[in-house]
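My request is simple: use the sequences and hints to build the entire structure.
For the record, the sequence lines run as chains A, B and C. Add 24 to a position in the first sequence, counting from 1, and you land on the number used in this note's numbering. Add 1094 to a position in the second sequence, counting from 1, and you land on the number used in this note's numbering. Add 13 to a position in the third sequence, counting from 1, and you land on the number used in this note's numbering.
Just so you know, the hints here were simulated from the structure itself, not pulled from any lab data. Just so you know, these numbers come straight off a predicted model, no measurement behind them. Quick reminder that beta carbons are idealized off the backbone N, C-alpha and C, glycines included. Hints are not guaranteed to be accurate.
[Unchecked claim] SDA-like mimics (lysine to any residue), calculated; alpha carbons at most 20 Å apart, straight line:
no. : chain 1 : residue 1 : chain 2 : residue 2
1   : C       : K242      : A       : F108
2   : C       : K242      : C       : P156
3   : C       : K205      : C       : E171
4   : C       : K451      : B       : L1164
5   : C       : K193      : A       : A71
6   : C       : K71       : C       : S275
7   : C       : K74       : A       : G189
8   : B       : K1256     : C       : E430
9   : C       : K268      : A       : F108
10  : C       : K71       : A       : G191
[Unchecked claim] Partial list, derived from the structure: chain C residues whose beta carbon lies under 8 Å from chain A:
no. : residue
11  : K90
12  : S180
13  : Y304
14  : R471
15  : H474
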Amino acid sequence: MFKIILSRFLQGVIALVSVLTLTFFLCRLTPGNPFDNDKQIPEHIRAKIEEAWGLDQPLVVQWGKSLLNAAQGFPQPSFGNSGFSVREIIAQSFPVSFTIAVFGMLIALAIGVPAGVISASRRNTGVDYSIMSLALFGICLPTFVIGPMLAIVFGLELGWFPALGWGEPADLVLPCVTLGLFYGAYIARLSRSGMLDTLSQDFIRTAKAKGLPEWRILIIHALRGGLIPVVNYLGPAFAGLISGSFVVETIFNMPGLGTHFINAAGNRDYSLIQGTVAVLAVLILVANFLADVLQILLNPRLRGGSAETKAAS
Amino acid sequence: MVEPEIPNQDTTVNTSGRVEKGSSLGRDAWYRLKKNRVAMICLWVFVGITLLCYLAPLLPFIADPNETALDNKTAGPSLKHWVGTDHLGRDVFARILAGGRISLAVGFLATFVSMTIGVVYGTVAGFFGGRLDAIMMRIVDILYAMPFLIFVILLTTFFGNKLWLLFVAIGAVEWLTMARIVRGQVMSLTKMEFIEAARSLGLGNARIIFRHLIPNTLGPVIIYTTLTVPAVMRLEAVLSFLGLGVMPPDSSWGTLIKEGADRIVTTPGLLIYPAIIFSVTLFSLNFLGDGLRDALDPKTSKD
Amino acid sequence: MSHLLSMTPFIPNHSPCQSRRKPSSIGQGRLFDSTLLGFCFLILAPLLFSSACRRETKVEKANREGILILGNGAEPKTLDPQLIQSVGDGNIMRAVFEGLVTFHETEDSVALPGVAERWEPNEDFSVWTFHFRPDAKWSNGDPVTANDFAYAYQRILEPAFASPYASMLYFLTGAEEFNKGDTDGFSTVGVKVIDDRTLELSLIGPIDYFTEILKHATWLPVHQATIEKFGDMTDPFTDWQRPENHVGNGPFQIKSWRINHSVVVERNPHYWDAENVKLNGIVFRPLPNEYTEERAFRDGQLHYTYVLPSNLVEWYRENRPEVLRTEPYAGSYFYRCNVTKPPMDDKRVRQALAFAIDRKSLVENVTLGGQSPAYGFTPPFEGVYDPPKGVNFDPEKARSLLAEAGYPDGKGFPGFEILINTTEAHRAVAEAVQAMWKEHLNIDNVAINNQEWKVFQRTLHDLNYEVARSGWIGDYVHPTTFLTLWQTDDTNNETGWSNAEYDRLIQEALQAADPETRLARLMDAEAILLEELPILPIYWYTRVYLLDPSVKNWNPSVLDHRPFQKVDLETPERKE
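Given below as structure tokens:
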């Protein structure tokens, strides 16, 4: 076990360095720099600013420095929000994103998995079609439509929750529900299909033939296998929830990480881009590792795989 | 437009195998699909919408989608403008149909690109496992983490605003999750008896992959594909704001819905009508996908 | 792999047999029910807590506490007055710093005593002497001295400090040379500390409107001891601008700063006029999305929105006119033409395009915020300047000009692209203008290209466009802040246009001894600009925003400068 984790960790470090390196060069190739604005800065001042930020040094030196900066945990100030270091910005915004991502994902699972299971067990009936239609509404209406609608209905018209903001627990409700409905719809579709695949397998027939109660078959026997597509979707989805909730953060005015992800790219904020990309990379690596572990747990047969398969997974 | 089952048939063509069944899975599937009423209705709805969008420029009663009339802005439905006009007095119905041409093309081509890459990549990684799998999956992780915005901006600066770039940009992100899902599926399949059996029969890897593994992953693949279509259409709207894809005054469903969402309070029609047609298309597509999934399920063919 | 078959294949099979049940058994039903129940609980539980009584809105609470909550556009980049660039950052600076002069509540072109209790220019307005009030203090209790201002001016002009807005101080003699590194030593710059309470500033020419310039945030002082506690004078972005270290001399002081959340300022007890400051504090909230901001206002979270989306103006005008404010703003919206590239290198083409834009219809139907159709570039400053009537909507004239240029009825016109950066508003204007050119000039090969903000700036800078959407907001209330832009070597010209006569007139205006001559020269220069039309004027900005009725003493300002020390809150009677 230790060996597996160590190997996965080393892979992760290599992946991280590659991500940062690729990002560095992509950024420098992209037109525009942090100091371009609608009131252009005179050339002589711009040169001094670039000098002050070390942008006049050879690219390789800058690249080395950016990796060193990453290794130290991003103490460099952000180009765009120069009052803060990249580390502080991430430290301030990560908990916000993490909170809404966790609650959003819990809501999504609470809605999506039961909906998918019921749908699969009532395949091609009215129940199935109504649940899947609801799920499809969630998919068709993107967050930038659901979000403002929830804010207007439950925030402004009914006044049940704050329409936006960040500070009190009630502020969490609408953004988390927005995310939950959207991701829940995906999970419902994926778990339905996964369940259908599992339900048609031999061991389920055997169980049915033995006359086990349906709920037992569904939950104890079929769910494990049925959730495999969901699990594989969940890893990236969770990382995406943390880093990619820009739309929800904008609609509900929350100081989360997703906003920095987009703004850093828009501002050509080289240091913050590196910081946010590093966070996302770590999240992805961890989430996918956990998804792989979960998949093995859900599918007992993979546990019997040879050592190198396990090590590699 | 291509009909939606074609991408799927593309993979099933290879499965006209004699291993399990004498008749072609594709033909079987079509037969089973025809028996599924909901799926067939959805197929016709979808074909109807597609035809309407693409034939709109030939129809005399459909207005020019880009013709403005500032004295007739945000008008309600009328005989001349069936679902009203937008903030510049343009015919919303015509704009929805024009938007459909872009959105359907992007939705299907980009989804097809990402599906093909994702399925092949995921299958190879899951099948061979070991070091190859580790390397391939870390590459996926790396690509997940790359700043997509920067990537798109870079693409547009080097190549300008080209339609094929749109497919590249969208394909580049959307295949990643597909690859993971397929890999997960393949990993559990490779432990099943029938693959072991195929191996012990001495079948080649390519044959096992294309004839046995991929057909068995089709369930999740079809479902995820139908989920990718709306994601791709939405992504297209985002990209057009970055200068890639449709340029004003042209429209796509994504941009129409995005614009409409901002006007939800004052002129809800600008959101509702594009959203309806977008939803109807996706509904029919998804239920069609479900039908296809059932029809193509290799396990049902054993019954 | 070889272990595969030896593994227990199907774990679930060991479950004991049970009696057969129909598929639609209770188990199924129970599962369904409990999901439904859980779902209902998930939605209802928070409601029980929150809907028991009507919440007191944030604005109501703030009114009780004397706190003003403002939407402030984008997140502030810095709290250092010598490094700021954006208008929103300037708003915060004006709350926590006070310059030599300060703002009048209602008159934009009147300067009230700030740190300087009086001042006098010499005969030709080229040397100004400021006399400091004795009771001006920093928020840590130190007295504000002439030295603090001299220090701030040196800091912003130091080449190594690289302040982006340093050119605002080029009105001082020797400042430009010092900033460019051509001269050593700040002593060559026209800043002279006569004593602790007297400062003398020497200007490059006679500038009768100097107090207007002084109102700009770049002329604010900083506290030397605080700056140097956290680094050298020329170190940008040190820890001094942290809330806990920040020292200012304005009516308020920084209390907290959370990125993308808020900057909170509280009353500064050491402010010389503290007893007349009405508010106990101000919260500046960054709300970059205008629709979100409007929802925040409706939810009772803001006293003031920074902007209002154009498509909501009508609704507010009809339904809630008491909160809607529209006022002129010193800004000009226009299209730049790249005169180095055909077809825009032909003056007649530019004129034809300019005369074919129906500005009145555009502001009434598209921008909707009560903007005024622009007939010149510089917006009219009441009582100071009114630009010559250069362009108007005249499709006949436009067609004949286009015919003269060799494209009768638009035939053979090569076409071009309107470059915009991506926002809904620019896009709507471009679409409307495109349609007007098609209708009036019969040219249908005008495309619209939108680019991401920074790419757009680069394209503009590299003169890699044909026609590009632009805007310019004045730094102070005088036409020079607009017209100096089109001099040949100005960084912000970005059209490739150069006109010796124009440059000469602008320089003459800057050196003119009396205000009348100056304005006459500027007028002549603008006439040339409007004849040559390297830019197509479209409209003059208005500020359209929402203001809660409880805010008192909030007056129109063409530069959006509000003297926060004068603003008051009144809690209107609320019926239960």
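Consistency of the hints with the structure:
In summary, the hint linking C:K242 to A:F108 is supported, as the alpha carbons are separated by about 18 Å, within the 20 Å threshold. Annotation: proposed proximity of C:K242 to C:P156 holds, straight-line Cα distance about 18 Å (limit 20 Å). At roughly 16 Å between alpha-carbon atoms, C:K205 and C:E171 fall within 20 Å of each other, so this suggested pair holds. Proximity of C:K451 to B:L1164 is assessed by CA-CA distance (about 14 Å); at most 20 Å being required, the pair is judged to hold.
Distance hint between C:K193 and A:A71 is fulfilled; the C-alpha atoms sit about 11 Å from each other, no more than 20 Å. Taking the CA atoms of C:K71 and C:S275, the gap is about 14 Å. The hint holds against a cut of 20 Å. Distance hint between C:K74 and A:G189 is fulfilled; the C-alpha atoms sit about 15 Å from each other, no more than 20 Å. Our distance criterion of 20 Å between C-alpha atoms is met by B:K1256 and C:E430, whose separation comes to about 16 Å.
Between C:K268 and A:F108, the direct Cα distance comes to roughly 16 Å. Compliance with the 20 Å bound is thereby established for this hinted pair. A hinted pair counts as satisfied when its Cα atoms are at most 20 Å apart, and C:K71 with A:G191 qualifies at roughly 12 Å. Taken as an interface hint, C:K90 checks out: its beta carbon lies about 6 Å from the nearest beta carbon of chain A, inside 8 Å. Hint status for C:S180 relative to chain A: holds, with the closest Cβ pair at about 6 Å, below 8 Å.
The criterion of a C-beta within 8 Å of any C-beta in chain A is met by C:Y304, whose closest approach is roughly 7 Å, and the hint holds. At its closest, the beta carbon of C:R471 sits 4 Å from a beta carbon of chain A; the interface hint therefore holds under the 8 Å criterion. Restraint check, C:H474 versus chain A: the minimum CB separation of about 6 Å is within 8 Å; hint holds.
In this structure, every one of the numbered hints holds.
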